[in-house]
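What follows is the residue order along each chain.
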Amino acid sequence: EDKVVQSPLSLVVHEGDTVTLNCSYEVTNFRSLLWYKQEKKAPTFLFMLTSSGIEKKSGRLSSILDKKELFSILNITATQTGDSAVYLCAVDRAGGTSYGKLTFGQGTILTVHP
Amino acid sequence: DTEVTQTPKHLVMGMTNKKSLKCEQHMGHRAMYWYKQKAKKPPELMFVYSYEKLSINESVPSRFSPECPNSSLLNLHLHALQPEDSALYLCASSHPLAIYTGELFFGEGSRLTVL
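Those protein sequences? They're chains A and B, same order as listed.
Heads up: the first sequence begins at 1387 in our numbering, then just goes up one per residue.
Heads up: the second sequence begins at 135 in our numbering, then just goes up one per residue.
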């Protein structure tokens, strides 16, 4: 059975701290790994990773994938209160011609205090 | 603001009712999705439509019936639901296969309560 496991499940930090969120996976027909941020309702896309060792960056966020060890990390530097959210890792499984067949991890709840 | 619009935002229904959830996008996306999210759980895929054809049904019970009348609209028809079906139902869309970037655009969801 496909599995995506995130750790830690929750994290409380202060503004300015750097955090690392982890995601490990066991899925058949892996296509890509994605990170989403969910604040209130709609998850919003952060990154898609398909190749090992290539870091993706967007501002203070960065992510990297290790396809040999089957995990990814999401780093957030200089955290701000606006980073408080649930961070979801998902794996896209190849399914014929369909994309977006995502299996999500349980999420990491990040709380950033002023 | 999300460009995927879902209605209604909240819905309360009895187990014998028939209702529908609606989703609309005007981004030219040709893949649309229904996900179900229970409280404090991650979203779970229900259905995928690709070019208005159902391409994935994740063994969803028949009391949930999806419909994609055109490339901009996606419906989820509900009938004879159970209280355990209460959840946030998220619609999403994405670019066509050729330019898929991994980015699913999610709507804000319809919060369903089954009494």
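These aren't lab readings, by the way, just hints derived from the structure by calculation.
In this text, a Cβ means the ideal position worked out from N, Cα and C, and glycines have one as well.
Among the hints, a few may not be true.
Stated by the list, open to error - In silico DMTMM-like links for lysine to aspartate or glutamate, alpha-carbon gap of 25 Å or less:
no. : chain 1 : residue 1 : chain 2 : residue 2
1   : B       : K174      : A       : E1387
2   : B       : K175      : A       : D1388
3   : A       : K1389     : B       : E201
4   : B       : K174      : A       : E1441
5   : B       : K172      : A       : E1412
6   : A       : K1453     : B       : E242
To be verified - To list a few chain A residues with every Cβ distance to chain B over 12 Å, as calculated:
no. : residue
7   : V1405
8   : Q1424
9   : P1429
10  : L1456
11  : T1467
12  : D1478
13  : T1497
Claimed, not checked - Residues of chain B placed beyond 12 Å of chain A at every Cβ, according to the derived structure:
no. : residue
14  : Q140
15  : L145
16  : M149
17  : S154
18  : P217
19  : E218
20  : V248
Holds or violated: K175 (chain B) with D1388 (chain A), Cα cutoff 25 Å?
Distance of about 16 Å is within 25 Å: holds.
Would you assess whether M149 (chain B), listed as outside the interface, keeps its beta-carbon beyond 12 Å of every beta-carbon in chain A?
Correct as stated: the minimum Cβ-Cβ distance to chain A is 25 Å, above 12 Å.
Taking 12 Å as the cut and beta carbons as the points, is L1456 (chain A) off the interface with chain B?
Non-interface label on L1456 (chain A) holds, nearest chain B Cβ at 18 Å vs cutoff 12 Å.
Would the non-interface assignment of S154 (chain B) survive a Cβ cutoff of 12 Å against chain A?
It holds; S154 (chain B) is separated from chain A by about 20 Å at its closest Cβ, greater than 12 Å.
Report holds if the minimum CB distance from E218 (chain B) to chain A is greater than 12 Å, and violated otherwise.
Given a closest Cβ separation of 19 Å, the condition holds.
So P1429 (chain A) supposedly isn't at the interface. Is its beta-carbon more than 12 Å from every beta-carbon in chain B?
5 Å, violated
Would D1478 (chain A) pass as off the interface with chain B, using Cβ distances and a cut of 12 Å?
7 Å, violated
Once the closest CB in chain B is found, is it more than 12 Å from T1497 (chain A)?
The claim stands: T1497 (chain A) keeps its Cβ more than 12 Å from every Cβ of chain B (closest is about 15 Å).
When you look at the beta carbon of L145 (chain B), is every beta carbon of chain A farther off than 12 Å?
15 Å, holds
Check the hint pairing K1453 (chain A) with E242 (chain B) against an upper bound of 25 Å on the C-alpha distance.
Violated. K1453 (chain A) to E242 (chain B) sits at ~32 Å, over the 25 Å cutoff.
If I take the minimum Cβ distance from T1467 (chain A) to any residue of chain B, is it greater than 12 Å?
21 Å, holds
Please confirm whether V1405 (chain A) is truly not at the interface, meaning its C-beta sits more than 12 Å away from all C-beta atoms of chain B.
Consistent with the label, V1405 (chain A) stays out of reach of chain B, its closest Cβ about 19 Å off (over 12 Å).
Hints 3, 4, 6, 8, 9, 12, 14 from the earlier list are contradicted by this structure; the remaining hints agree with it.
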